[in-house]
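K.L.:
What follows is the residue order along each chain.
There are 2 protein chains.
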Amino acid sequence: MSAEKAITAEKIINGDKRAIARAISSVEDGQEGAADLLKEIFPHTGRGLVIGITGAPGAGKSTLVDRLAARYRAAGERVGIIAVDPSSPFTGGALLGDRIRMQNLATDPGIFIRSMASRGNLGGLARATVDAVAILDAAGYNRIIVETVGVGQDEVDIAKAADVTVGVLVPGMGDDIQAIKAGIMEIGDIFAINKADREGVLRTERELEMLLSISERPDGWKPPIVKTVATEDTGLEALVEAIASYADFVASHRHHSENRRASIARHRIVEMLRDRLLRLALNKGVSEAELGAMAQSVADRRRDPYSVVDEIIARLGI
Amino acid sequence: MSAEKAITAEKIINGDKRAIARAISSVEDGQEGAADLLKEIFPHTGRGLVIGITGAPGAGKSTLVDRLAARYRAAGERVGIIAVDPSSPFTGGALLGDRIRMQNLATDPGIFIRSMASRGNLGGLARATVDAVAILDAAGYNRIIVETVGVGQDEVDIAKAADVTVGVLVPGMGDDIQAIKAGIMEIGDIFAINKADREGVLRTERELEMLLSISERPDGWKPPIVKTVATEDTGLEALVEAIASYADFVASHRHHSENRRASIARHRIVEMLRDRLLRLALNKGVSEAELGAMAQSVADRRRDPYSVVDEIIARLGI
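For the protein sequence lines, the chains are A and B, in the order given.
Under the working numbering, the first residue of the first sequence is numbered 1, with each subsequent residue one higher.
Under the working numbering, the first residue of the second sequence is numbered 1, with each subsequent residue one higher.
Just chain A, same shape as in the assembly (with noise of 0.2 Å):
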């Protein structure tokens, strides 16, 4: 560990904006002394509660997030915010996301903003956005807002590592709209349907409603549904009280809760291993050079993937 790092860590802990910031760049690129300073900030993490807030793409969850930070921060409650936006850096949605809800927001001291996109192969936003939280947690921010943006993979990867999950839904959706609900479903602990003052919003209750019936959990917590309307400021009373609610039920049933925690940290080693073995692969396996030749020779249809992938496995001696 090099004392940089250690004075890094240490300035995190204290609150410092520009070393948090720089932090979550850090483990965003992936950079190598990323693991060290996680490694020393980790013992002062676990204390944030972690909101993943996820649903359909329209359904007004930026406003809702900002919504319920403003009633976090008037309650006295530190918040840091995590926008996760899959779109591409090409276009700059997450800088320009940024940018917009800066102008309200993040002139408070108590609150941090972030947005990250995705960056490619190596990016691994799940695990980059996991590390994030733990910084923002070692930082002191009590209440971690994960913003995710549609219903992939990445995005039930973040959902699984936060303490509670709001599914947002909005009235009167296409022909997709089961699918979403499917995608959320299992993840959701409380579902906010948004945009409550349009038309089919008592039809999409009862559809969730219906949905929540058929499905019990393991832990036999019934996800409440709560109607907001964020761009008034409509409902987000009840939506602080359910996630309060749920963080309750979860601190009384301490051996689910540690199941959870257990299984959270489970899957966070797997997908930490996945994408450092790729990495270690990618520096002694092969070359880039060599993975060129090798992906032109696929391309020609020379060789098979699959028996290079087996050779640059046989390289690494595993």
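Where hints are given, some of them may not hold.
The list treats identical chains as one, so a pair stands whether inside a single copy or across any two.
Claimed, not checked - Think about it this way: if two alpha-carbon atoms lie no more than 20 Å apart in a straight line, the pair counts; the simulated EDC-like pairs of lysine to aspartate or glutamate are: (1) K17 <-> E232; (2) K39 <-> D304; (3) K284 <-> D310; (4) K284 <-> E311; (5) K39 <-> D300; (6) K227 <-> E40; (7) K160 <-> D304; (8) K160 <-> E311.
What the hints contain is simulated information worked out from the structure, not anything from laboratory work.
Starting from the known structure of chain A, fit chain B onto it as the hints suggest.
P.N.:
For chain B alone, kept in the frame of chain A given last:
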């Protein structure tokens, strides 16, 4: 290579639907024998045109895919459809989708439909989908349509492996539409505005044209915009033509298309490597019981996950 695998490969190449279905299940489950089979069929791949259909939930992609498949069938092509469904196996979304579609299409011997769902940590959905495409390709399906819901990393990975990608939009969606567009802007070779009989279609078209005008592709292709109403079979001919035009463009710009094929192959090798390395580590580096104990120690904060991963990697002797 066992005699049984050789027989299976032969059956696949001869278009035996039961052998195809079983082979796709084996790549989906990540069975050890699948790699041998894939090696054997590899020389028979690369003949079909792989068409990715991707875009926002609720855009009516399933109907669009079914209509597109019907057009190709009418022109005498053999059509394989893979619907990638990230929803949980818990609610059976993927199976249900299969069954509904089966009624309309699957009695046709020139069509093969399969839904693929994400199955947890070891799933490797993108890798399994690419392998499933290879199986359908070897089996002589010369139009292979891959439908993906959402805009996560898996979707981007799958889209990268397609020869042509169609980004599907729908008029008048919500606040997050810009993010979705950003997600598909980079991967769409063609854009379809579906449900084009709805209000707001001109605005969506103008926004899309604007976004396309500010981004120039390295290959010089200008992605066309096609308006469709899939439920009424409107605009499908234009879509078929746009797909054919892009395939022609790629064929007449060999330099770019060779680069693209090499880049697809590289991506595929890396994904397979990632998958295989994790599997090896979980077989050789750590037992399931040990991993459970390690996860518990991380959950209890007796250990940090970074040094646990260091330990497993050290055991592999890489």
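K.L.:
Does each hint hold? Answer for all of them.
P.N.:
Against the structure, the hints come out as follows:
no., hint, verdict
1, K17 <-> E232, "neither (31 Å within a copy, 55 Å between copies)"
2, K39 <-> D304, "between (40 Å within a copy, 6 Å between copies)"
3, K284 <-> D310, "both (15 Å within a copy, 16 Å between copies)"
4, K284 <-> E311, "both (13 Å within a copy, 18 Å between copies)"
5, K39 <-> D300, "between (45 Å within a copy, 15 Å between copies)"
6, K227 <-> E40, "neither (41 Å within a copy, 55 Å between copies)"
7, K160 <-> D304, "between (36 Å within a copy, 18 Å between copies)"
8, K160 <-> E311, "neither (35 Å within a copy, 24 Å between copies)"
Hint violations for this structure: numbers 1, 6 and 8, all remaining hints satisfied.
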